[in-house]
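Protein chains: 2
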Amino acid sequence: MIRQLIEKIQKTDAPICVGLDPMLSYIPETIVKNALEEYGETMQAAAEAVWQYNKAIIDHTWDLIPAVKPQVAMYEQFGLEGMRVYEKTVSYCQEKGLVVIGDVKRGDIGSTSAAYAAGHLGSVQIGSRRLSGFHADFITVNPYLGTDGVKPFVDVCSQEDKGIFVLVKTSNPSSGEFQDRLIDGRPLYEWVADKVVEWGEASMDGAYSNVGAVVGATYPEMSAVLRRQMPHTYFLVPGYGAQGGTAEDLKHCFNADGLGAIVNSSRGIIAAYKQEKYKTFGPEHFAEASRQAVLDMAADIRRVL
Amino acid sequence: MIRQLIEKIQKTDAPICVGLDPMLSYIPETIVKNALEEYGETMQAAAEAVWQYNKAIIDHTWDLIPAVKPQVAMYEQFGLEGMRVYEKTVSYCQEKGLVVIGDVKRGDIGSTSAAYAAGHLGSVQIGSRRLSGFHADFITVNPYLGTDGVKPFVDVCSQEDKGIFVLVKTSNPSSGEFQDRLIDGRPLYEWVADKVVEWGEASMDGAYSNVGAVVGATYPEMSAVLRRQMPHTYFLVPGYGAQGGTAEDLKHCFNADGLGAIVNSSRGIIAAYKQEKYKTFGPEHFAEASRQAVLDMAADIRRVL
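Protein chains in written order, with this note's numbering: chain A, 1 to 305; chain B, 306 to 610.
Please note that the accuracy of each hint is not assured.
Unchecked claim - The list that follows gives simulated cross-link-like pairs (lysine to aspartate or glutamate, EDC-like), each with its CA atoms no further than 16 Å apart:
(1) 151/A <-> 201/A
(2) 151/A <-> 482/B
(3) 279/A <-> 296/A
(4) 456/B <-> 177/A
(5) 500/B <-> 288/A
(6) 55/A <-> 288/A
(7) 151/A <-> 95/A
(8) 582/B <-> 601/B
(9) 195/A <-> 482/B
(10) 579/B <-> 589/B
(11) 55/A <-> 95/A
(12) 579/B <-> 334/B
Hint data in this document are derived by calculation from the structure and do not stem from the laboratory.
Start from the sequences and build out the full structure, keeping to the hints where you can.
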């Protein structure tokens, strides 16, 4: 699956990924108002507003980008109706030819991780059929439980040509609280990185592994070290834009060949119309503003490669 | 919320929790067969079988226990239909007066954790109404992202009288890979425990905090240390029974007053009828076997307190 992602990155010349993390507060008022009028003050109304918002953004950006990254929490907050729109969004993006990275950050003991892997990446056996639940192409995985909590995801990567990105060094302000603590002179995230490399050897797909790493754009000096430590591991890089990471900060996430990383932006793209820079689009042209923000982000990143 | 849980533990004299983690392979053939006949080889059939199985177990055990712990992965594996049965199970258990611990192990950057907290514990604002998605009483939380990934859950605990159990030392074989690594002479899980204590001070509810800890039964020497380190933190203890933990192993999880821990058993209870010990019940009386297994487990644990 990493090979497919790389092909799409090369075709679009844009190592970027749009984070479909819809907060109701991002969605233009008219869309929310129409949904509330149609469905009342219900979860269904919220979910419908999210769907209309997502669909417009996808329709205006799909030809420019290789991948999207829906953050499942933003859908789970609306319960079942939210999860229905999560699945609908995954399906719609895949129909448009986009690689879908489900940002689910799952991870548990072995048998439980196997169930998550089946539900979010793979399939389950029901009678004589194999059926898929949320069917993303990649998902993000939390490593706190160690190898037996990650291996079931790696197995599905190999069996069904899927991929994962394991949290190594996250982009948030308190990520260092545990991740940066030194163990035998090296930070915890480097020990996690060693394991990600080891896990990844079981699922190589060309020059890179289907087992990637999440490496935040907000800590550039750390990403340089990790890039050297993990030459065959693709990085999913959150934190660009709204979270404070700049293109300059993330150039160390890439290998010399310009590959090795895909950079996510969520709010910076999907709520671009709220920024001073894109204000002239107005809320009614929010999706056009998102398109322009994608073009600007891709150019910004190409500049440093 | 921890106060409510403690009251129910005292009333039932059973510091135990039934893990509602239905695998299709646990469910008696007749139930699966009927569901397949009614709904075909579909996710709906799987979800219906899970629901019939859960309902029978709840109906046969609810009066003996304070709480249940559905593992959401076992529902997510069946996609939307699975999530529908997860919500239905949470609701049904709450109607029966049980405390529901949603074993979701979520955790992300701050704004994302806030969405998970809203969706699984709290509520979202839609127009003039506040609505709840999956509405568990407690959920489990992963600490890898540090304070800003956990605080939104703690806030909801305080605002809506809910609770969380943060992963400290898990029960699985490879839990030591990262959790046991020494940082300034102390294992990572003790550093996490320090933070759990600190986070918990913001949400005290009687003698204990709404912010609890997951401490595996499979590592008794570690739970003794943690018990002393976290006197006001309730422990959710997985790993009893099928995962290898014995009553003797988990006595150190309790305080001198007999409180301080709730022990989970999943397979050992819900698939009791498959054990040699409960074989005479037969698959048709699987729920009666589960009831007997609950009685036996409660007695086993009382014996060491």
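So, going through the hints one by one against the coordinates:
The suggested pairing of residue 151/A with residue 201/A holds, with an alpha-carbon distance near 12 Å, which does not exceed 16 Å. About 13 Å separates the Cα atoms of residue 151/A and residue 482/B, which keeps this hinted pair within 16 Å; it holds. Distance hint between residue 279/A and residue 296/A is fulfilled; the C-alpha atoms sit about 15 Å from each other, no more than 16 Å. Proposed proximity of residue 456/B and residue 177/A is supported: the alpha carbons are some 13 Å apart, at most 16 Å.
Annotation: proposed proximity of residue 500/B to residue 288/A is violated, straight-line Cα distance about 44 Å (limit 16 Å). Note on residue 55/A and residue 288/A: the hinted pairing holds, with a Cα-Cα distance of about 12 Å set against a maximum of 16 Å. Straight-line distance between C-alpha atoms of residue 151/A and residue 95/A comes to about 29 Å, which puts the hinted pair past the 16 Å bound. For the hint linking residue 582/B to residue 601/B, the alpha-carbon distance of about 11 Å falls within 16 Å, and the restraint holds.
Among the hinted pairs, residue 195/A with residue 482/B is consistent with the structure: their alpha-carbon atoms are about 9 Å apart, no more than 16 Å. Among the hinted pairs, residue 579/B with residue 589/B is consistent with the structure: their alpha-carbon atoms are about 11 Å apart, no more than 16 Å. Annotation: proposed proximity of residue 55/A to residue 95/A holds, straight-line Cα distance about 12 Å (limit 16 Å). At most 16 Å may separate the alpha-carbon atoms for a hinted pair to count; residue 579/B and residue 334/B meet this at roughly 12 Å.
Violated hints, listed in ascending order, are 5 and 7; each of the other numbered hints is respected by the structure.
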